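Number of protein chains: 2
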Amino acid sequence: MKKQVYFFGSNMTEGKKDMKDILGGKGANLAEMANLGIPVPPGFTISTESCAEYYDLGKKIPEHVIAEIEDNLVRLEKAMNAGLGNAEKPLLLSVRSGAAASMPGMMDTILNLGLNDAVVAGLIKKTGNERFAWDSYRRFIQMFGDVVLGVEHHDFEQILGNRKNTKGVKFDTELDAKDLNAVVDEYKKLVKKVTKKDFPTDVKEQLMLAIEAVFSSWNNDRAIHYRRLNDIKGLKGTAVNIQAMVFGNMGETSGTGVCFSRDPSTGENVFYGEFLMNAQGEDVVAGIRTPKPISELKKTMPKVYDELVSYYKKLEQHYKDMQDMEFTIQEGKLYMLQTRNGKRTAQAAVQMAIDMVKEKLIDEKTAVTRVPADSLDQLLHKQLDPIAKKKHKVLGKGLPASPGAAVGRIAFSNDSAIKMKEAGDTVVLVRNDTSPEDLMGMNAAQGILTSKGGMTSHAAVVARGMGRCCVSGCGEAKVDEKEKTLELGGVKLKEGDYITLDGTAGLVYEGQVPTINPELSGSFGELMKFADKFRVLNIRTNADTPKDAMQAIKFGAEGIGLCRTEHMFFEGERIKAVREMILANDVDGRKVALAKIKPFQKQDFIELFKIMDGKPVTIRLLDPPLHEFLPKEEKDIIELAKDMKVPLIALKQKAEKLHEVNPMLGHRGCRLGITFPEITEMQAEAIFEAAKEVAAKGIKVKPEIMIPLVGKVLELKNQKDIVLSVAKRVLGDKPKVEYMIGTMIEIPRAALTADIIAQEAEFFSFGTNDLTQMTLGFSRDDVGSFVPDYLRRGIIEKDPFQVLDRNGVGQLIKMAVEKGRATRPNIKLGICGEHGGDPSSIEFCHMVGLNYVSCSPFRVPIARLAAAQAAIKYAHGCELAGTKTTNGATNAATTLANDKNDSKKEDKSSAKTEVKTKVVVASSKKPKKK
Amino acid sequence: MKKQVYFFGSNMTEGKKDMKDILGGKGANLAEMANLGIPVPPGFTISTESCAEYYDLGKKIPEHVIAEIEDNLVRLEKAMNAGLGNAEKPLLLSVRSGAAASMPGMMDTILNLGLNDAVVAGLIKKTGNERFAWDSYRRFIQMFGDVVLGVEHHDFEQILGNRKNTKGVKFDTELDAKDLNAVVDEYKKLVKKVTKKDFPTDVKEQLMLAIEAVFSSWNNDRAIHYRRLNDIKGLKGTAVNIQAMVFGNMGETSGTGVCFSRDPSTGENVFYGEFLMNAQGEDVVAGIRTPKPISELKKTMPKVYDELVSYYKKLEQHYKDMQDMEFTIQEGKLYMLQTRNGKRTAQAAVQMAIDMVKEKLIDEKTAVTRVPADSLDQLLHKQLDPIAKKKHKVLGKGLPASPGAAVGRIAFSNDSAIKMKEAGDTVVLVRNDTSPEDLMGMNAAQGILTSKGGMTSHAAVVARGMGRCCVSGCGEAKVDEKEKTLELGGVKLKEGDYITLDGTAGLVYEGQVPTINPELSGSFGELMKFADKFRVLNIRTNADTPKDAMQAIKFGAEGIGLCRTEHMFFEGERIKAVREMILANDVDGRKVALAKIKPFQKQDFIELFKIMDGKPVTIRLLDPPLHEFLPKEEKDIIELAKDMKVPLIALKQKAEKLHEVNPMLGHRGCRLGITFPEITEMQAEAIFEAAKEVAAKGIKVKPEIMIPLVGKVLELKNQKDIVLSVAKRVLGDKPKVEYMIGTMIEIPRAALTADIIAQEAEFFSFGTNDLTQMTLGFSRDDVGSFVPDYLRRGIIEKDPFQVLDRNGVGQLIKMAVEKGRATRPNIKLGICGEHGGDPSSIEFCHMVGLNYVSCSPFRVPIARLAAAQAAIKYAHGCELAGTKTTNGATNAATTLANDKNDSKKEDKSSAKTEVKTKVVVASSKKPKKK
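If you're matching them up, the sequences are chains E and V in order.
At the far end of the first sequence sits residue 958, using the working numbering, and the numbering has no gaps.
At the far end of the second sequence sits residue 958, using the working numbering, and the numbering has no gaps.
In short, the hints are calculated from the structure, not lab data.
Put simply, identical chains are the same to the list, so a pair is met inside one copy or across any two.
Lysine-lysine pairs mimicking DSS-like chemistry, simulated, CA-CA at most 25 Å apart:
#1 Lys-680 x Lys-663
#2 Lys-624 x Lys-670
#3 Lys-745 x Lys-261
#4 Lys-725 x Lys-756
#5 Lys-348 x Lys-561
#6 Lys-682 x Lys-449
#7 Lys-745 x Lys-264
#8 Lys-685 x Lys-663
#9 Lys-685 x Lys-449
#10 Lys-195 x Lys-217
#11 Lys-685 x Lys-447
#12 Lys-660 x Lys-680
#13 Lys-745 x Lys-826
#14 Lys-447 x Lys-680
#15 Lys-447 x Lys-682
#16 Lys-745 x Lys-87
#17 Lys-682 x Lys-660
A quick note: this is a predicted structure, and the numbers were derived from the prediction, not measured.
Take these sequences, add in the hints, and give me the full structure.
Okay, structure coming up:
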């Protein structure tokens, strides 16, 4: 039998930090700390493999594991010179989960295990601290009762609350030993009532039940949801850490705390943390009492503080990353209970990465991988407008628990938050405190406000992880979750009212405060420079307006990958001309209307070309069905009829004629340009006339004209011929404008016949929004009726409109890339669907060898970082098989790990098929920055 | 230079019948007849390659071809002892088109070429027949003027008409030489007026202009449309046949005719044809004079008749197929002008094929290939109900020109016919006579009625080719095409009124006569037996009702490939329960409603299982979105609200909630079964309870349960689990019912991940309707706005919903077949989209190795024949590389000719990529008929 249980502490440590896979993060790090000579209470870790085996056996702990547990328990009892269930020398245990990836609060923990009436008596005798003993006992019954026996946490709390009420006190600490003894009695009765059995007094039984409960918690809904949300895949299960208890609640020389080697909120290189004296760990995290800043420990217990400082420094140096640590002081002696790489805000991640490079702790490549690309979103959206915010009333101040700004309607419950979000509102979740049950509500909210809890409270930690803005511990706030009201700063707000949070300052504002967009400066700018050194993909932006284009340039965009010309059709006077065109009965009528639109279009292009100053600009010809330009409401139709001086009936008939059953698959894209060639002609004229004018001023212009919705090469050919003839007419025989004509690949047939289409197309741009709709048969507008259900049931793991479906849509893209390059080796390949801004999808684009991704201006920095991370991740594969092909491409056969996982997930029985993807790096000659 | 002109006749023949490709059908057959010793007027053929070269040079006859033409003209003059333009010994020429595929009447012909004022005088002198000479001259000017010079045919006819009116006569033959001389003068003036030039008198110029005109006519709209309609592809162009004229209009011992070696309408083995004395060929075909049956020639000219009989027998024996011949008798001497395989009705094709096998003229395999599978449609639809038709008034009688029945609204013009058809009406086109301009109108009509013309008139020939019912030469009918009225049998009908044609009997009925469906008997039945010997594919039917299922069994269906259960939801009481289910607010409410539907569903299945008696029955679970079951109209909604006793507002809200932007891509298929598992459960219960009941009676039952709209294997898994658990519950542990669970492949993603899906699916059925919609991005309901335009512009060649798009959709099918078999070698593969009844698509299904196709009951015989033809066509490839694989499949690599053409068509520049398809024959062990 393979070893399944590993001892740690007391110079008998068997594990180490790189055994995370089988010991879990917590277990591996406990072993590692012990190896480093840092004091940890001894204990042992049951491996993640046992958890897998537990499930394989139909939820049964394997016999050989039980035997190993018993052996290790004996070792532990020896090391502690105490015995589990031994009233003379009582040994109490903690039983904690710990998977290879951090899942804070998602799985179960049991503390103070090993107590029964006999042991509690012994404990009193041994410690002389009656209150401590009874407090430990009541905590144990409560936790064990809730986690293992399924008695409602709430019911225990009610007993405790009643006791406090009877006594007229506010805090648990104000209850004395007698009170707690009474509470224990009531707890036992409650357990008996609910479970029809006495609370188990056999301490071995307690231990085994606790271990099973931890294993079971691996697959509770919360944990499954958390893994899905955080893209945690391929783990065996959770390990279980059984450790001798040390007590922070043994009096005023005892205490417990959480600390970070740097500030997890700002990234500043300062020692950061909180502690509570005479408390157990759960009190700090639960946010019931507000803890004190770590600096105060220096005054309280200077020796302990110095020791703690030396440990944190040692640990950070050892792990080369910011550490998040838990410690307990038992009667003046410091124990480290946990260390792990700390969660941090995006701002902190950036700051630490850059600082650590400067401190030579890590290299630039590592720095680039330290910041989750998606997390930059926190830095790229929303700060309160510094001028405008002055005009808004500050309602109150709390802790700046997670930076950024949130403007939204108040929700007091998970359900409300989710519903409001689904209704299209932005939401601020307001609570006294949060617990793991609130995860989905917090995810739905833009920001979280709590009246209780500190900087390391559940709300604060989770909000930072999720990139949600959070103000915690706002004590002035009176939150009535039942009545759904918030009283703060003399104002009483109800559900649905607007408030604004400033998570960076910890302030709460009344109403909706305008927000502004941030810039790339300082450490953020430096990180971007590092990223640019490593990435291979070019990053373009989707921009239809000069404003967007300018913002994107500031964020480092290297061109426009998608300019949707129809957006230019909606503004002001133009829409009138567009409608005139739609209502025209013949070509001549349409041409008259189009002539009115042309000057506007031309001006739009002139501005874009100037801003992009020589960078390529991909312009997509008119795409949406014409009915989108007509009003929908009866009154608007009547008004339009008057306005256009056409009979109402004629207008209605036209609208009726244009109506489509499935507009998504209807008369749009190049189909419009083919039936109404005059539209294509007008747009081509506007583009080339603008290009000519701008070029004449000595500014370089690179239009790339993109024909949408092509499924057959002859469609492209038809439109290309029109564009070419206009180009010849406008630019003359020797054009000074370099232009290209290409197509979107957004219809499955286009991908399937990409070799043929590439005969006419100089570039492909993957329109993954529509490609996803058609490949999956999902109407983006209609999936609300079943996709949430699919996500809930795990039929799909991610919304395919957010994260590219690699096995389906990705397979078509890969096929099109290969076929396109086979016909036209130097074909330019990009993506302009919304996936162009999603890190996982960008990684895929890198792997299949696209030349660029294009995304919204605010996602350009994310894309730059994600592209660099993909390049770093797959650099090894490239070096492995790296041979230059004729067009300078580097090929490497690397199994695409994610795809493998996807198909394994799809294939629950016997995965015979593995989707493999070659990593093809399109062009190692990245254009130099201009 | 490659030889481009080939002489024939006078023992100097250079061509032969298998040179069709370069000589065209007419040219090759003229050469062949000459080789067989049958008298043909000598002449020469300019090759189809010259036509291609003509277009390559920008519509210019190549110099080297002109030189060859001149050489051959000299040979011809020698052979005829006459000279072109020689007034002493005048040689007149016919100039005729003739492509490799028959395109009757689509391209141009010029007769009597070589006439001018001097030659006509010489002709009079030589023949002593003044009237004949002037008649030839006026015919020549008229034809040349129309075809070469672009003078309206109508304007010539008016001059001729005026002359007849002035003289008070009815027929051209009543005009004498003087009249015709005057007509010639007027014709010349007309030409001068229109063309601003004199009619060309240089005979060489006449010849070259005529040749160019024929080349040009290859690409006139009519010809292009005809080729598209008849799927004629890959030809180089038309050949031009220049032949010495012989004259049927030289008096009462001269004549001309058309004859067939068997009856082209019924297939009967009798000599069949028509002739006119003192006429030229065009008079017979144009239908202006009604010709006499060929049998009368025996009386008129017995020697010529016997000669003709010997020739037709020789030719049929030689070509081993029914011949369609043209002949001319010049002053008692018989000349054969043309022979070709004759067009025929489907009924005739079947009859001839079977007869010829009995006569040992051809073998069974050849017989199977002799009947175009699609043409069986004529035999499989519509005959007049023999009882019901007695109650309808017969308005008149004409010639039974093309069999079958047509019931429709009268249209008097092409435009009306097309418009009416587009409006959803069935149409009968009523004309005095038809010409090639009427092609599209005839295509739009179900039947054609003409007042003029014989059995070989344009209307009759084309109608038979198209499979349209036709009554021609109905002399009593007064058709006023301008006033749009038809007077017949004492009734005056206008456009839009209903009439009924019986093309088999040549009768015209008033109003709408009910029709009945035919049976497989006699020769048809024998042909089906031959087909079954050769085909590899099984043929199933799409049937939702016992009636359909029974009809399909009669037609030879080997199972049900698609039973759409939702069709069962619409009838009578059921729809109420369905609506109750939709309106229910929770699972329990839905279950109550579903319990009401179940007995109906179960009864449906019991009946189907009994009828199919051991044949497999594929049942698709509920597919359409729920809103399809709710009424659309305001008044129906109000009524339903009353009926269901729900508030109107609630009903409207529900309908609003169910509304979808793109229902095609919305909440339907297995997505319904996943969000409402109780629906799947009810359907599975109905199926298994029915199966159990029928099996208990000793009848074998083979249900195949099909989960629709699967895109991911987990969707299938989810639904399969439900079905399996119901099966276990209903059938017990040892079920006596063999059942399978599989899926439709109708979403591109399903095809792309078919290897993974096959882990759960026991069968795939390709739902090519939806697969086409999604792969091409074409909403079937909306393509009307651009697909007609696409067809017109040649961007697509065929409606992809009728004929499977091999390069796009086909590629996905091929991929899914290969991936599916890779995972599950014995997976059962079929198709249930409407393509399952289309011969070209069936051929594709054979090639990619499906096990069966499923089509509507009335297309089952077509599918049987098409499957046999595909097997015969690709048998060679199979023998070539034929190796048995483990599952009994035969593999052969054969380039898929059509796909090659498609991609060539798509690839106008440089076809580097050829789509190749292996012919994979799924199972050579075809199940024995039960």
